[in-house]
Amino acid sequence: MTKTTPAFDEMTTDGLVRGPYAEVARWLAATPQDALERRRHEAELLFKRIGITFAVYGEGGDPERLIPFDIIPRILAHAEWEELSRGLAQRVKALNLFLLDVYGAQEILRAGRIPAALVRENAAFRPEMNGFVPPGGVYTHIAGIDVVRTAPHEFWVLEDNCRTPSGVSYMLEGREAMLRLFPDLCARHRIAPVGHYPEELLETLKSVAPPNCRGTPRVAILTPGSYNSAYYEHCFLADEMGVEVVEGPDLFVENDIVYMRTTTGPQRVDVMYRRIDDDYLDPRVFRPDSALGVPGLMAAYKAGNVALANAPGAGIADDKAIYPYVPEMVRFYLGEEPLLSNVPTYLCERDEDRAYVLDHLDELVVKLTHGSGGYGMLVGPHSTAEQRADFAARIRAKPAEYIAQPTLALSTVPTLVEKGIAPRHVDLRPFVLCGKEVRIVPGGLTRVALREGSLVVNSSQGGGTKDTWVLEDDPADIAKPAAQGQSQC
Amino acid sequence: MLSRTADSLYWLGRYIERAGNVARGLQVALRMASLMRSVDQRDGAWRALLIASGCEPGFRETGAAPTPDSVVRYLAADASNASSILSCIEAARRNARAVRTALTVDMWEAVNETWSESRRATEATFAPDNLPAFLDWVKSRTILFNGAYADTMLRDEAWRFVRLGTMLERADNTARVLDVHHHALAGADEEGAVAYVQWQAILRSVSALRAYHWVYHARLEPRRIAELLILRPELPRSMVACYARLDETLEGIAAAHGGRRGECHRLAGEMHAKLRFGRIDGILADGLHDFLTATIDRNLELGRQIQDFYLQA
Numbered sequence: 339m340t341k342t343t344p345a346f347d348e349m350t351t352d353g354l355v356r357g358p359y360a361e362v363a364r365w366l367a368a369t370p371q372d373a374l375e376r377r378r379h380e381a382e383l384l385f386k387r388i389g390i391t392f393a394v395y396g397e398g399g400d401p402e403r404l405i406p407f408d409i410i411p412r413i414l415a416h417a418e419w420e421e422l423s424r425g426l427a428q429r430v431k432a433l434n435l436f437l438l439d440v441y442g443a444q445e446i447l448r449a450g451r452i453p454a455a456l457v458r459e460n461a462a463f464r465p466e467m468n469g470f471v472p473p474g475g476v477y478t479h480i481a482g483i484d485v486v487r488t489a490p491h492e493f494w495v496l497e498d499n500c501r502t503p504s505g506v507s508y509m510l511e512g513r514e515a516m517l518r519l520f521p522d523l524c525a526r527h528r529i530a531p532v533g534h535y536p537e538e539l540l541e542t543l544k545s546v547a548p549p550n551c552r553g554t555p556r557v558a559i560l561t562p563g564s565y566n567s568a569y570y571e572h573c574f575l576a577d578e579m580g581v582e583v584v585e586g587p588d589l590f591v592e593n594d595i596v597y598m599r600t601t602t603g604p605q606r607v608d609v610m611y612r613r614i615d616d617d618y619l620d621p622r623v624f625r626p627d628s629a630l631g632v633p634g635l636m637a638a639y640k641a642g643n644v645a646l647a648n649a650p651g652a653g654i655a656d657d658k659a660i661y662p663y664v665p666e667m668v669r670f671y672l673g674e675e676p677l678l679s680n681v682p683t684y685l686c687e688r689d690e691d692r693a694y695v696l697d698h699l700d701e702l703v704v705k706l707t708h709g710s711g712g713y714g715m716l717v718g719p720h721s722t723a724e725q726r727a728d729f730a731a732r733i734r735a736k737p738a739e740y741i742a743q744p745t746l747a748l749s750t751v752p753t754l755v756e757k758g759i760a761p762r763h764v765d766l767r768p769f770v771l772c773g774k775e776v777r778i779v780p781g782g783l784t785r786v787a788l789r790e791g792s793l794v795v796n797s798s799q800g801g802g803t804k805d806t807w808v809l810e811d812d813p814a815d816i817a818k819p820a821a822q823g824q825s826q827c
Numbered sequence: 036m037l038s039r040t041a042d043s044l045y046w047l048g049r050y051i052e053r054a055g056n057v058a059r060g061l062q063v064a065l066r067m068a069s070l071m072r073s074v075d076q077r078d079g080a081w082r083a084l085l086i087a088s089g090c091e092p093g094f095r096e097t098g099a100a101p102t103p104d105s106v107v108r109y110l111a112a113d114a115s116n117a118s119s120i121l122s123c124i125e126a127a128r129r130n131a132r133a134v135r136t137a138l139t140v141d142m143w144e145a146v147n148e149t150w151s152e153s154r155r156a157t158e159a160t161f162a163p164d165n166l167p168a169f170l171d172w173v174k175s176r177t178i179l180f181n182g183a184y185a186d187t188m189l190r191d192e193a194w195r196f197v198r199l200g201t202m203l204e205r206a207d208n209t210a211r212v213l214d215v216h217h218h219a220l221a222g223a224d225e226e227g228a229v230a231y232v233q234w235q236a237i238l239r240s241v242s243a244l245r246a247y248h249w250v251y252h253a254r255l256e257p258r259r260i261a262e263l264l265i266l267r268p269e270l271p272r273s274m275v276a277c278y279a280r281l282d283e284t285l286e287g288i289a290a291a292h293g294g295r296r297g298e299c300h301r302l303a304g305e306m307h308a309k310l311r312f313g314r315i316d317g318i319l320a321d322g323l324h325d326f327l328t329a330t331i332d333r334n335l336e337l338g339r340q341i342q343d344f345y346l347q348a
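Line by line, the protein sequences are chains R and H. Here the first sequence is numbered in the working numbering, starting from 339 and rising by one per residue. Here the second sequence is numbered in the working numbering, starting from 36 and rising by one per residue.
The shape of chain R in the complex, shown without the other chains:
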């Protein structure tokens, strides 16, 4: 998308304010710019005081910085959210069934619906999990599904995050900040609450306690430590759930049982919400040089003495090379048509796709198959000839490492920027919890690309966040969508 292509603005379409934004539009019109500026500054102080920071790698500067918070909320009507959340639940169910299958009978591969080599030779595939059924049969307990919007009823899944998705603390703190700064504005809406997320998370984690757990399961969060970019979130969630944040050295395994070291002696841990990568979980099974993990953890897991959320090996489901096949998973396992669309994706590994990608670099977004965080990507319409030449060379050298997608005209939401209020592109990461049942707190993390025209919302690339409001009612102009539209791929 270039600056001239109009994107769908979620507040104003064809000069008319859309129903969900009616109050916000009135509020913005009635509030002078400097008053908004002042409020933005107050919000910043609030976040600084709470200490909600994240680390940016390899850019120098202050290692603990704030993600900018925009005070203008992003609003979804009840019906819009219902439509979206049904699609999310369906998708995450299918992803979990896929994981159970690829580490089990591999029926989807035998049926030829996904190329077997794409799974078995994938670095994210963990043969260590073959034949193992995690407690409750769930692999990805906490999934963050990145969704973008291009029109009132057009939501697209950009990527799935099935390993250790982060950002939920911003969703919760963002709401707290809005309630504190704009009680009136909030009171003029019926906003679905999100504050019970930690309780839902705790219930989800307890519901997948391992077979050998007796009594109330003891839950702990396993963090890589205070230098991790999401450390604030690990502590925040632990605090809200009333559980311990543990690091590898706080734990030990004896007779296949996991204990944490406490001032009252060893205490058994039943469910571990781990926020460290598979590679570092257990030096005896994965990377032997890892000091972050716990030797013997995998043996305890396999013996049914501890549950790990998310399960090791879940990464195969969110691999970018597997992504094009998610709609196929929905059809295969659930016998349903996918409610959410996939973005058409070109795998540069395929000769045909690669030829197309190299011919159309100026229109496409090129991403690393195994990358994340918006690092190492090319946004075609915003690139220079030099950058395109560089990417073309890289794709030719290592085609399997790249995928490409058409550049979507991401929807915009009014955002407070230096020059005033201007539309900026947004995405949405709702968090889907999957234990004995699927739970989705209404809303998610809205990320906003603060640079004019930019489509990259990652916080490491100058993105900010907004509070996401799901209304409990539907303004008059929000009609239920007709039958589901497109289903690409």
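Selected chain H positions facing chain R (in silico; Cβ < 10 Å):
1. Met36
2. Leu37
3. Arg39
4. Thr40
5. Arg129
6. Val140
7. Phe196
8. Ile288
9. Ala291
10. His292
11. Arg295
12. Phe344
13. Tyr345
14. Leu346
With beta-carbon atoms standing in for the labels, derived distance ranges:
15. H:Ala290 - R:Asp372: 52 to 62 Å
16. H:Ala253 - R:Pro604: 53 to 63 Å
17. H:Ala290 - R:His708: 50 to 60 Å
18. R:Thr602 - H:Glu283: 16 to 26 Å
19. R:Pro604 - H:Asp332: 24 to 34 Å
Rather than coming from a laboratory, the hints here were simulated on the basis of the structure. Backbone N, C-alpha and C define an ideal beta-carbon position, used for all residues, glycine too.
Fit chain H to the given chain R structure using the hints.
Below, chain H alone, put in the same frame as chain R:
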């Protein structure tokens, strides 16, 4: 509570206390150096401070001559010295950050702001003209932290571990300050005026000069100074006061854990009883230096035992 959490809280308490003690020590040494007549005596004041802060071996390794400037740098700012003021602040903040949710907002802000301010220190901060202001600032920041945790923290396990750290560090500091000056207290070799400056220095090192006058209403005298700093429970930095807090705090933790006790509890109780029922004449008769070295060893042992029983369980 996780052992690691308890460990961080304990060291947070220790490092903040240590930063304040080093600042007091430097203030006193600066004062002494300006009052001493001979060069030997001046150097003695700096050497005494290095020994009292346990930094003498480290300083010797740097190969620097013990000039006032090099000692000040080493004790206030040197990153290679784990007990320098800036290192203590850095370590306190590191520990605080690791257990952020176990602290109150006021405690966190006291540590975090001290740390961010300290990072703005430059060469000029430690120049002779600016040093006194810096040392005053450090003292006031440690008092702010101690006030924040006294005023805002729940009286639970977390509070007890911070307090264990503060009190053990404080008991140890008082013992060391007394020990480096035990010659002056024995009154063996110094002329009157010099001895008097040293006596004052000892009392100032633990902020107890005024307290001395209030307690004794009499001129400075070694026997009373030793008594005040070792045996008088009303002085918050006396060894008996610190051990009373240590004993009480360890007992509090044990009570909350259903009576689970170890060698650290016995040791703290024994030391407390010894100090509580001890007499200064007995201690002086047996030799002050021997008594103090034995106490310093006991402090070390108590730290080890707390570590084994709670912090690395």
